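Quick note, the sequences are listed as chains A and B, same order.
Everything in the first sequence is counted per the numbering used here, starting at 55 for the first residue and increasing by one.
Everything in the second sequence is counted per the numbering used here, starting at 6 for the first residue and increasing by one.
Derived list of chain B stretches under chain A, where covered just means 3 residues or more per stretch with a C-beta under 8 Å from a C-beta of chain A:
#: 1; stretch: 18-29
#: 2; stretch: 67-73
#: 3; stretch: 76-83
#: 4; stretch: 93-103
#: 5; stretch: 112-122
What the simulated footprint calls covered on chain B by chain A, stretch by stretch (three residues with Cβ under 8 Å from a Cβ of chain A suffice, anywhere in the stretch; the number is not a length):
#: 6; stretch: 35-47
#: 7; stretch: 52-63
#: 8; stretch: 127-134
Restraint-style ranges between C-beta atoms, simulated for each label pair:
#: 9; chain 1: A; residue 1: L117; chain 2: B; residue 2: M7; range: 21 to 29 Å
#: 10; chain 1: A; residue 1: W130; chain 2: B; residue 2: N78; range: 39 to 47 Å
#: 11; chain 1: A; residue 1: T58; chain 2: B; residue 2: L10; range: 26 to 34 Å
#: 12; chain 1: A; residue 1: E126; chain 2: B; residue 2: W65; range: 40 to 48 Å
No wet-lab data here; the hints were simulated from the structure.
Computed from a prediction, not measured in an experiment: that's the story for all the values here.
Every residue gets a Cβ at the ideal spot worked out from N, C-alpha and C, and that includes glycine.
Here are the chains, one letter per residue:
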Amino acid sequence: MIATSIFGGLLIGLASVSLMLFQGRIAGISSIVYRAIFQLKFESWALTFVIGLVLGPLLVAALNGPAAPVFELAWWQVTLGGLLVGFGSRLGSGCTSGHGVCGISRGSVRSVVATLTFMVTGVMTVFLMGMVL
Amino acid sequence: MMIYLTALATGAMFGAGLVVSGMTNPANIHGFLDVTGAWRPHLALVMMAAIAVALPFFQWVLPRLSKPVYGANFLAPLSTVIDQRLLLGAAVFGIGWGVSGLCPGPAIVGIAYLEPQIFGFLAAMLVGMRLADRLPSPSAKT
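The shape of chain A in the complex, shown without the other chains (with noise of 0.2 Å):
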């Protein structure tokens, strides 16, 4: 899981790479998602790359069988953490990829204070529910 998992990395900075390269945007799900959904008059762009992202896993599957991943998620787990990504990655301007990957790549200080305090509050959040479930 070594190897897959540096591979894998190294697809998502070549992405974001390439995103900067060919659109002069930053490659944060959040905000494309939001954009796409809500503002898609002013990056139209963005749709198409939210398909793109649905292909992915249908690529993968082409070359190297299907894998799909395995959910034993609790409804209330799915709709609060669903609704807390939504209005964090909101607020906060950024989640994993626009912070954790491209903020800290561009030497953006608020993106490493900010990917900080998001592993420390979900590290806090499962020892939490490791004790009480």
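Please arrange chain B on chain A, whose structure you already have, making use of the hints.
Chain B only, in chain A's frame:
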């Protein structure tokens, strides 16, 4: 036309990267955040590999380019202020990430698997984004 085709290809590459690295599997996110339990460091490897590609480009290549190949201009966030919105937003995001093991990229990629929970997550995520829009903005208008 080319701006759309390259956006499609770039999205597919990004999505493939998330699948190959296993980040579309919530168990791998929970494993990474579970530092006091059975810690799985793979997410850190994924991030480091992505940064290893993106950082040299952003630091040394991008400053020498005047405009993107198809887009009108290079656009990067201008703000350098570490304010309450950033800290509160990131903190809330991390809680949601920990609760679900999902973030926006893997959730969109997950549409391909037609998993009902993915659609529930995405619907809740869009509601959450709209709720954040209702908060008063500190800087006059955006």
